[in-house]
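S.K.: Residue strings, one per chain:
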Amino acid sequence: MRVEGEVELVVVGGGAAGLAAALKAREEGIEEIWVLDRNERPGGILPQCIHTGFGLHYFGENLTGPEYIHRFIRRAREEGITIKLETMVLRLTKEREVVAVNPSEGLLKLKAGAVILAMGCRERPRGSLLIPGGRPAGIFTAGTAQRLLDLEGYLPGREVVILGSGDVGLIMARRFAMEGVEVKAVVELMPYPGGLGRNVVQCLEDFGIPLLLRRTVTHIHGRERVEAVTVAEVDGEGNPIPGTERKIPCDTLVLSVGLIPENELSEGAGIELDERTGGPFVDEFMRTSLEGFFACGNVVTVFDLVDHVTLTGERAGKSASQYLKGELPPPRRVREVRPGENVRLVVPQRVSGEGPVTFYLRVSRPLREARVEVGGKSFFRKAVRPPEMLTVELGKEEVGGLGGEIPVRVLGKPLG
Amino acid sequence: MEVKELTCVICPLGCRAKVYVEGGRAVGWEHLECKAGEEYVKREVERPLRDFFTVVRVKGGGVLPVRSTGPIPKERLKEAVKELAAVEVEGPVRMGEVVVKNLLGLGVDVVATWELE
Chain A
1 MRVEGEVELV VVGGGAAGLA AALKAREEGI EEIWVLDRNE RPGGILPQCI
51 HTGFGLHYFG ENLTGPEYIH RFIRRAREEG ITIKLETMVL RLTKEREVVA
101 VNPSEGLLKL KAGAVILAMG CRERPRGSLL IPGGRPAGIF TAGTAQRLLD
151 LEGYLPGREV VILGSGDVGL IMARRFAMEG VEVKAVVELM PYPGGLGRNV
201 VQCLEDFGIP LLLRRTVTHI HGRERVEAVT VAEVDGEGNP IPGTERKIPC
251 DTLVLSVGLI PENELSEGAG IELDERTGGP FVDEFMRTSL EGFFACGNVV
301 TVFDLVDHVT LTGERAGKSA SQYLKGELPP PRRVREVRPG ENVRLVVPQR
351 VSGEGPVTFY LRVSRPLREA RVEVGGKSFF RKAVRPPEML TVELGKEEVG
401 GLGGEIPVRV LGKPLG
Chain B
1 MEVKELTCVI CPLGCRAKVY VEGGRAVGWE HLECKAGEEY VKREVERPLR
51 DFFTVVRVKG GGVLPVRSTG PIPKERLKEA VKELAAVEVE GPVRMGEVVV
101 KNLLGLGVDV VATWELE
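If you read the protein sequences in the order shown, they are chains A and B. As numbered in this note's numbering, residues 1 to 416 make up the first sequence, in order. As numbered in this note's numbering, residues 1 to 117 make up the second sequence, in order.
It is possible that part of the hints are untrue.
Label pairs and their calculated CB-CB ranges [claimed, not checked]:
1. Leu411(A) with Glu39(B): 26 to 32 Å
2. Arg25(B) with Phe379(A): 36 to 42 Å
3. Thr244(A) with Met95(B): 33 to 39 Å
Rather than coming from a laboratory, the hints here were simulated on the basis of the structure. We put the beta carbon where it would ideally sit given N, CA and C, even for glycine.
Can you make the complete structure from the sequences, with help from the hints?
M.R.: Encoded structure:
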């Protein structure tokens, strides 16, 4: 069967961002909303994030991932939002044609009034690291290990080394340790941990798991199954230092080496992408460079709190609704946001000046007594660290008064 | 007197505090920059609490995520995991349904954080 038809609003991805966007659009009076998701259940990654710490900002409650997303899934059902599961979007065109496929309906060809991109991100795989060694079983990305352990109920290994100290890696170290798996070490290339301080304490220190900074895995040993990894110290450029190698026996290597916004569909449609974030350029309305396309959540940039993902989803949902009703202010005087000193990335990258703006930014180095400067406005922060995204809000008047370019920089004293 | 190194997790500053412990109580500290940090290290030394969560087996295959309704003492986490490893549930289970009552006598329950048909 081949489904062809027109749909007011198509949301690509039914995770935290997509569901928030769909719900907001419904609240704004949009009747026909289709959420397309390739997974067999909605919710994106959250159903497998069984730890707490979600929703502190958005709900003022300390929820687990499944509890957090369940609230949105339930509301989406109550609101009668169409969620098409096992539905893989194959192509988006700039005319807002959406080509998708699923096992029950076959090919779907839709013409959307507006499209919200909410595809999230994916993990950097082993292939992107070029670690020498064979191809034994027992190498998993942290998300895959999490899925096996907490969604499907399998223990991926007994003696684990984790490469990368991002939050997902730290959280998995704790999960393994709690389930009786021996976590031999967490290995981090940088001189500081990649995840939040809270997670370093509660996921590693609580369980006596060593964090090996300024080191990397230089070899994976084993033919059928991982038998050991070689870990070496690295120099200032991140290159292994000969003579510092140490072999750690283990049966499993877990990779937590970064997340990449998933934008093949955006690129295919001809949407401009930002090299810094890996996601589309957006303005404060979460509007992309292509008319009628909006983006939200981790497809835009990798957030560290789902609460922010939800808020960007709601913003995109509202903007798409305004667009469909002809009420979205056109970008009249677009100003470029310019990341400067100690700013690795900033979202939105463009500002049209028609309303208040929430800037999300990430620094490159840790600083104390920091001053976040956005277009000449200064915000004080006791400390800033690369793993923690900063949020800065500017009112409509403040934004209106800014010039043709908005420089963003973060100054302060070095933080050890 | 015992000296403990603790990292404060209250804010991104992440003070590395030196805490002097006597008879299980924090009696002094260094390298902390605020009052909230002092409260934190006192709690961490005297009665560190942690959220508890894991998965339980589902009859016929699969797992169901669960959590404690409140934090429990840090040193009892592993015991709690063992307790839950023996639990098997059968659907239907509602969101928030109690799976284990009064976990280890700590006065908190373990509840489902997902539903099961």
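S.K.: A separate judgement is required for each hint: does it hold in the structure or not?
M.R.: The hints, checked one at a time:
A hinted range of 26 to 32 Å for the beta carbons of leucine 411(A) and glutamate 39(B) is consistent with their spacing of about 30 Å. Judged by the Cβ atoms, the range 36 to 42 Å given for arginine 25(B) and phenylalanine 379(A) holds: they are separated by roughly 39 Å. About 50 Å separates the C-beta atoms of threonine 244(A) and methionine 95(B), a value inconsistent with the hinted range of 33 to 39 Å.
The structure does not agree with numbered hint 3 stated previously, though it agrees with all others.
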